[in-house]
Amino acid sequence: MKKQIGAYGVFCIKSRINQDKLTSKETAPKHHKTSEPFDYHNVITNMNFQKAKLIEQALEKLQTSGYSEKTKDFYLDWIYRFLFSLEEDATETFCDEEIDKFITFLETDCLIAKSTINQAKTAIHFFYKEVLQTPFTISHRRSSKKNTQSPVILSREEVKNVLNQLHGDKGLMAGLMYGCGLRLTECLHLRVKDLNKKKQKINVCDVRDGSSRNLDLPRSLIDPIHHQLNKVKLLYDENLSTNNFIGALLPETAQTKGNCQATSKDLSWQFIFPSKYLYRIENEKLVQQPVSESYLQKGIKEALTICGVNKTAGCHTFRHSFATHLIEDGYDIHLVQKILGLKCIQSTLIYKKLARQDKASIISPLDKLFGPNK
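Per the UniProt record's numbering, residue 1 is the first one in the sequence shown, and the count goes up by one each step.
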């Protein structure tokens, strides 16, 4: 490995990419945020032209990937680190050996957490598949095991207390995560079209693989949902009067179908939880994106503190608690797996271990047939 990569070994400082993003946001107009590509030919002085061009291509792919802003930052950061580690002539072939060296370096020299290494692998996989359009055949065979620590769950009373501290759209988002078992990204990327008011159903799309599942909408959220949709309509009308507004940012699958611009400006494709900012992309066009993850994360953190919940809980805790409480109520483990959108039953069995099994006694099926009340 090149000696230069050692500068990133400790990972104690923000990458050049994140610093460049911060600078760009600070110079953007106050009423708009920017997500336009940066000129890496100038800002990344340690990279040659070819590497800088690859970074630009990765950024363009990520902009239309449907990933959250946090995931985009992570992916771009790791792609940058990987390219920076390569010899100048390595970009001609991108052989598997280079990936193997990079991952080995992270494990042995940098002592990076296994979950972080898995993150790096995922980012490199995206780079190979979407940018290089070549098979990802990483030769590094040592598996980086996932964290085996049990997920944190809240008691029903704790959930109730925390939800009572969350108001407006924050309360609705948290309610959907606990009431439907949604991931944070799934909740943030809900669109108007995903709601079926008549059947009281909600269609949830996994932005990672494009799969979807149809879930029951909790009755207690019907009125809050309608109120939120009215707010979305008001913001939508305001955005339509803004110059260069082209609508909501569409997932990549939708961009390949029909009139992309007409679809993005349709009310049905607007986000249920939109950011109050419009984001500038290429050619000074403005798009709507969902509210940031940190918006809800901060709100939940404050609510947990107010309620005196001394657990390392967060947004995803509502999903964990939802699954655990369903199992406690006797719902079939395979049904819970389907509702959560999990592909592996082993991931669902974790919640069965967390479910309370403290009933003093059981009711015999015989008593249900011939008991004193029959």
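Think of the hints as simulated: they come from the structure by calculation, not from any bench.
All values reported here derive from a predicted model rather than from experimental measurement.
Note that the Cβ used here is the ideal one computed from N, Cα and C, for glycine as well.
Hints are supplied without guarantee of correctness; some may be wrong.
Unchecked claim - Calculated lysine to aspartate or glutamate pairs in the EDC-like style (CA-CA distance at most 16 Å, straight line):
hint: 1; residue 1: Lys-51; residue 2: Asp-77
hint: 2; residue 1: Lys-231; residue 2: Asp-216
hint: 3; residue 1: Lys-276; residue 2: Glu-302
What the hints assert, rightly or not - Per label pair, the in silico range of CB-to-CB distance:
hint: 4; residue 1: Gln-133; residue 2: Lys-343; range: 36 to 42 Å
hint: 5; residue 1: Ser-212; residue 2: Tyr-295; range: 22 to 28 Å
hint: 6; residue 1: Asn-230; residue 2: Tyr-295; range: 18 to 24 Å
**Asked** Which of the stated hints cannot be reconciled with the structure, identified by number in ascending sequence?
**Response** 2, 3 and 4
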